[in-house]
Amino acid sequence: KAGVTQTPRYLIKTRGQQVTLSCSPISGHRSVSWYQQTPGQGLQFLFEYFSETQRNKGNFPGRFSGRQFSNSRSEMNVSTLELGDSALYLCASSLQGDGYTFGSGTRLTVV
Amino acid sequence: KNEVEQSPQNLTAQEGEFITINCSYSVGISALHWLQQHPGGGIVSLFMLSSGKKKHGRLIATINIQEKHSSLHITASHPRDSAVYICAVIKTGNQFYFGTGTSLTVIP
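Residue numbers (the numbering used here), protein chains in the order written: chain Z, 1 to 111; chain W, 1 to 108.
Keep in mind the hints are simulated off the structure, nothing from the lab. Among the clues, some could well be false.
Unchecked claim - DSBU-like cross-link-like pairs, simulated, lysine-lysine; straight-line CA separation at most 35 Å:
id : chain 1 : residue 1 : chain 2 : residue 2
1  : W       : K55       : W       : K91
2  : Z       : K57       : W       : K53
3  : Z       : K13       : W       : K53
4  : W       : K91       : Z       : K57
As the list claims (entries may be wrong) - Some chain Z residues near chain W, calculated using beta-carbon distances under 8 Å:
id : residue
5  : G16
6  : F69
7  : Y100
As the list claims (entries may be wrong) - A few chain W positions that, by computed beta-carbon distances, are all more than 10 Å from chain Z:
id : residue
8  : I19
9  : T20
10 : I60
11 : Q66
12 : E67
13 : A83
14 : Q95
15 : T100
Virtual Cβ for every residue (Gly too), placed ideally from N, Cα, C.
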């Protein structure tokens, strides 16, 4: 069965721009969660969506937002990019918040 | 103070050695995950634990809820086990907290 698909794999953006990342979960999985990984801060939880509703949110500024569609695909948006937003962004899907499967991530570089 | 502390940060072992990675946490949790991350970024969820012990192949994970402690053991380690191992806890309310990871290198 297909895994969790994240697109794009790599992205370079300029400071001040905005970016949208996509995550397609495993078929049948209704929970999608997003994470940021940087060398300095490690892995941090961004937010989780379940059946199109944001169920949990980490401690990130409002520039980070997301949504989930009726087919469970999720997008994450970062507005007014800063250099510190350069990171590996990972999403994971699960059936109901148990047994997470991670995507390969999107590596975002802000210049 | 981090909610999740892992030790050691770095570990080098000879092939065949028994390896233990420890994770201590300070918050009430509903579950704990052990994750494996290989160079290149891909993360694999190895175990999800809420009590007791789980075994998968050469990997064993245990958790002691009263002591707020979990261990990941690798028996008969192999160079392909070289990766970063990350402990993650799900705080009651579905908030994730991550350890900083243990970088394991297994030398042939």
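Which hint numbers doesn't this structure obey?
When the structure is compared with the hints, numbers 3, 5, 6, 14 and 15 turn out to be violated.
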